[in-house]
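Novice: Sequence:
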Amino acid sequence: MDRTTVINQAFVLLGVEVLDSIDSNNVNAKRAKVIYDQTRQSLLREYPHTSCTKTVSLGAPLANTNNYNIPDDCLRILSVHTGNEPDDNDRDYVLKGRVLTTTVTNPNLTYIYDNKNEGTYSVGLTEALVYLLAFKLSKSILGQADTNFYKLYQETIEKEKSVDSQQVPSIQFFSDAQFDFKYSNY
29 MDRTTVINQA FVLLGVEVLD SIDSNNVNAK RAKVIYDQTR QSLLREYPHT SCTKTVSLGA
89 PLANTNNYNI PDDCLRILSV HTGNEPDDND RDYVLKGRVL TTTVTNPNLT YIYDNKNEGT
149 YSVGLTEALV YLLAFKLSKS ILGQADTNFY KLYQETIEKE KSVDSQQVPS IQFFSDAQFD
209 FKYSNY
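For reference, each letter of the sequence shown is one residue, going 29 to 214 in this note's numbering.
There could be a bad hint or two in this list.
What the hints assert, rightly or not - Distance windows between CB atoms, simulated:
#: 1; residue 1: 44; residue 2: 129; range: 15 to 21 Å
#: 2; residue 1: 88; residue 2: 168; range: 31 to 37 Å
#: 3; residue 1: 148; residue 2: 51; range: 42 to 48 Å
#: 4; residue 1: 151; residue 2: 124; range: 20 to 26 Å
#: 5; residue 1: 51; residue 2: 91; range: 17 to 23 Å
#: 6; residue 1: 70; residue 2: 147; range: 34 to 40 Å
#: 7; residue 1: 134; residue 2: 63; range: 35 to 41 Å
#: 8; residue 1: 43; residue 2: 83; range: 38 to 44 Å
Said to hold, decoys possible - In silico DSSO-like cross-links for lysine-lysine, where the CA-CA straight-line distance does not exceed 27 Å:
#: 9; residue 1: 167; residue 2: 82
#: 10; residue 1: 179; residue 2: 61
#: 11; residue 1: 82; residue 2: 58
#: 12; residue 1: 124; residue 2: 58
#: 13; residue 1: 187; residue 2: 58
I should point out that these hints are in silico values taken from the structure, not numbers from a laboratory. What you are looking at is a predicted structure, and each value in this text was computed from that prediction instead of being measured. A virtual CB, placed ideally from N, CA and C, is assigned to each residue, including glycine.
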């Protein structure tokens, strides 16, 4: 799956000719190319989908300060922490532009990144992106915004959030005293 395939799925819903390439000289291809990246980034930023989050060490601070550059692919910060995973070690921070300030030395950052590889998206996330693109393109291609695509997008993304949230066990689940007691003998 690539961006041309995603755009073609939106075009099929709109009833227009599909593309051989996003770089074709077709007027609809040009429209899709203009809004695709912003639409994808907006969708990814909404929720920390498992295929679009990562944790990195921020490395050396800037000029002996507590300021760190955030990665270029960062769309939204989820946590600044000292361990390998976000947990009770979450730390306060301030973000100014692309510079993060924190009192932590050697902080780790968990964030939503700009995942440009649509092949790693779940089926639900891809489907939501298709509906959102169809909605955004419907006004310029069909002459009127088709709100049915937006409703389909909203329904699909809610289902996707529910499914995605079940794929990663909660850290609280494993620190629960009842869980520890009940399963400690196994």
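Novice: Please go over all the hints and tell whether each is borne out by the structure.
Specialist: Checked hints:
no. : hint                  : result
1   : 44 - 129: 15 to 21 Å  : 48 Å, violated
2   : 88 - 168: 31 to 37 Å  : 46 Å, violated
3   : 148 - 51: 42 to 48 Å  : 23 Å, violated
4   : 151 - 124: 20 to 26 Å : 38 Å, violated
5   : 51 - 91: 17 to 23 Å   : 42 Å, violated
6   : 70 - 147: 34 to 40 Å  : 20 Å, violated
7   : 134 - 63: 35 to 41 Å  : 39 Å, holds
8   : 43 - 83: 38 to 44 Å   : 43 Å, holds
9   : 167 - 82              : 35 Å, violated
10  : 179 - 61              : 23 Å, holds
11  : 82 - 58               : 32 Å, violated
12  : 124 - 58              : 34 Å, violated
13  : 187 - 58              : 31 Å, violated
Of the hints listed earlier, those the structure fails to meet are numbers 1, 2, 3, 4, 5, 6, 9, 11, 12 and 13, in rising order.
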